[in-house]
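A.B. asks: The primary structure of each chain is shown beneath.
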Amino acid sequence: MAQRQSFQVGTGLFILLGFAALAYLATQTTSLANYSQGASYDIVARFTNIGQLKLRAPVKVAGVRVGSVAGIALEPEKLDAKVTLSIDDRFDKIPDDSAAAIFTSGLLGDQYVALQPGGSPTNFKSGDEVVLTQSSMQLEELIGKYLVGGDAGKPKPDASTDKK
Amino acid sequence: MTALRRPGLFTTGIAQIGACGIFLLHILRALPRSLRYLRETVRQVFFVGAMSLTIIMICGLFVGMVLGLQLYHTLSIFGGTAALGTVVALSLYRELGPVVTALLFAGRAGTSITAEIGLMRATDQLDAMEMMAVDPMAYVVAPRFLAGVIAMPLLACIFNALGIFGAHLVGVNWLGLDSGTFWSNMTSSVDVWTDVMNGVWKSAVFGAVCTLIATFQGYTTPPTSEGVAYATTRTVVFSSIATLAIDFVMTAFLM
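From first to last, the protein sequence lines are chains A and B.
So in our numbering, the last spot in the first sequence is 164, and the numbers never skip.
So in our numbering, the last spot in the second sequence is 1255, and the numbers never skip.
There may be inaccurate statements among the hints.
With a straight-line Cα cutoff of 20 Å, these simulated EDC-like cross-link-like pairs (lysine to aspartate or glutamate) come out [as the list claims (entries may be wrong)]:
#1 A:Lys60 - A:Asp96
#2 A:Lys54 - A:Glu75
#3 A:Lys60 - A:Asp97
#4 A:Lys60 - B:Asp1178
#5 A:Lys54 - B:Asp1178
#6 A:Lys93 - A:Asp42
No wet-lab data here; the hints were simulated from the structure.
Please work from the sequences and hints to get the whole structure.
C.D. replies: Below you can see the structure in the form of structure tokens.
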């Protein structure tokens, strides 16, 4: 009986360890870990182009994560993107004239929303809108700008001679 | 004349696969009856699962460490060492965890299942059970099969967790990558359902395949010591081939 008990205890420990490992993998190393833990408030920002921004992308102030993107929708009349930012209640001292910009982490990394703090004495509260926004940098647009040397529209002298 | 009568290698192979499939149906039919021997199933989970923990944990740790080391040097060429956590996690969860666990499982638990059942066959214990009206499919084979299906995903998860720990050890503690970067990049691009559970489904299938092959080889072994030796070898060979082949098919489907 003692031996039977010991293997049952061993089996139980093994199964618990296995499920603990699964729970750890599922909650700590995946996007589940990014769900904001406590209460949060939503603010809205409009962008003309959000690039590759995805749901649950981080929202950062000074590089520190303060919340996540909770919703992305197209504004039917203005035809711009309405991005809902869910900010942790802990970070309730963000001035309401702060600017929002979409940046890329690293050269080829994921995109995130950066809030650049302003100087207003009042802070963002739920439902507020970020007035100053800067859209995502489009690599193609940048390359295009460099190719035509800044003065777009004016044909370069060499370009016409290349094409015969 | 004998060359004509003797079935070729190809036909034998097809026949083996067919017999294995029929054996699987027998196991599935015996599964409800094997619930009477739940205690035996628990005992088998202990033998194939808990007893494999040491090898799985040590191998998981080293696989994670070597992944961390290799990928760090490759990624640093492109200045992308920040992606180390992501790459390690994805390659472990989706491929290496389930596959390496299955290969280790075939070597550690599959062989012992084959040898045990094969010796039962060789010493007529299986026939003796039938004489006592105990169905060996329900009492011997089905509990081991069930134990394999239960234990393999758990082992793969433990392997993955230790692998991540190993990669963290090398990448962060040794090579000086930032811990926050390691985790935040991982958590932002690894998904529960498409990545973690993908590996869990895979390893459950590998558990079924490995134990099916192990029990089949043991059950149908020629009742000689040479036969048991061959059956044990075939278990490892066939389990490894089947695991890698099914891995490709499942990856194609689950992508």
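A.B. asks: Find the hints from earlier in the document that the structure breaks and name them by number, from lowest to highest.
C.D. replies: Those not satisfied come down to hint 5.
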